[in-house]
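Build out the structure end to end from the sequences listed, making use of the hints.
The numbers in the working numbering rise by one with no breaks, and the one at position 163 of the sequence shown is 267.
To be clear, the hints were calculated from the coordinates, so they are not data collected in a lab. There's no promise every hint is true.
[To be verified] Within a straight-line C-alpha distance of at most 20 Å, the following computed SDA-like cross-link-like pairs (lysine to any residue) qualify:
(1) Lys132 with Leu107
(2) Lys132 with Asp120
(3) Lys132 with Ala149
(4) Lys200 with Phe152
(5) Lys200 with Gly280
(6) Lys200 with Arg268
(7) Lys132 with Gln111
(8) Lys200 with Ala158
(9) Lys200 with Arg212
(10) Lys132 with Ile119
(11) Lys132 with Cys157
The model shown is predicted, which means the values in this text are computed figures rather than measured ones.
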Amino acid sequence: MDLSGFQCHITGVDIDQQALTDRVVNMKDLQEAVLGDLRTTSFPAASFELVYCAWVLEHIRGATEVMDRLFWWTRPGGLVVLRIPDGQSVFGSLTKHTPQRLHLVAGRLYRLPKGFEPYPTIYDEIVSRRGVHDYCAAHGHEILVEQYSDSHGWPNPAFELLSRACFRAVSVLSLGQLAPHDNLHFIIRK
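Okay, here's the thing in structure tokens:
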């Protein structure tokens with residue numbers, strides 16, 4: 105997120121010390137780094153005006169409880185920016201049903217830096233378009249922005265086009281049960 109022009113204090117939480125160190129030392133985008141698990145890390149209610157959670161919930165057993173915590177930490181009227189792969193998409197289904205060792209091979213192909221290797225995926229029910237909509241409706245939160253993306257990020261453009269075509273075909277064959285897009289991006293007002 106481009107926060108230039110805003111005066112802010114950014115706190116990051118991660119279970120991976122190396123990832124946190126990279127953010128503080130190399131990226132220089134955190135003023136405070138908290139080594140901890142989102143399921144147990146504690147901040148007072150309404151501590152933040154904006155909470156940003158990207159590519160994390162799909163790796164957590166108990167993602168609904170983490171969502172509860174994210175909104176607990178957000179002040180009334182504040183925003184939660186949520187970026188997740190859609191667990192009810194072709195990509196999400198493929199990820200859920202393939203072994204972790206295949207994810208690690210893909211991470212090497214992408215040349216992911218140390219500390220950013222693929223973590224095991226869980227995909228609790230909330231990690232989907234329907235899951236986020238149901239959660240927000242049940243808790244009185246307002247979805248202000250919802251976007252989809254279907255870029256798989258393959259280094260080869262031809263492979264990117266081929267993968268998109270394949271995912272669309274599988275979506276059609278699933279009779280729409282699996283979405284062709286990969287990722288969901290939400291801005292939600294508490």
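Task: Hints the structure fails to honour - done: Going through the list in order, the structure violates hints 3 and 4 and respects the others.
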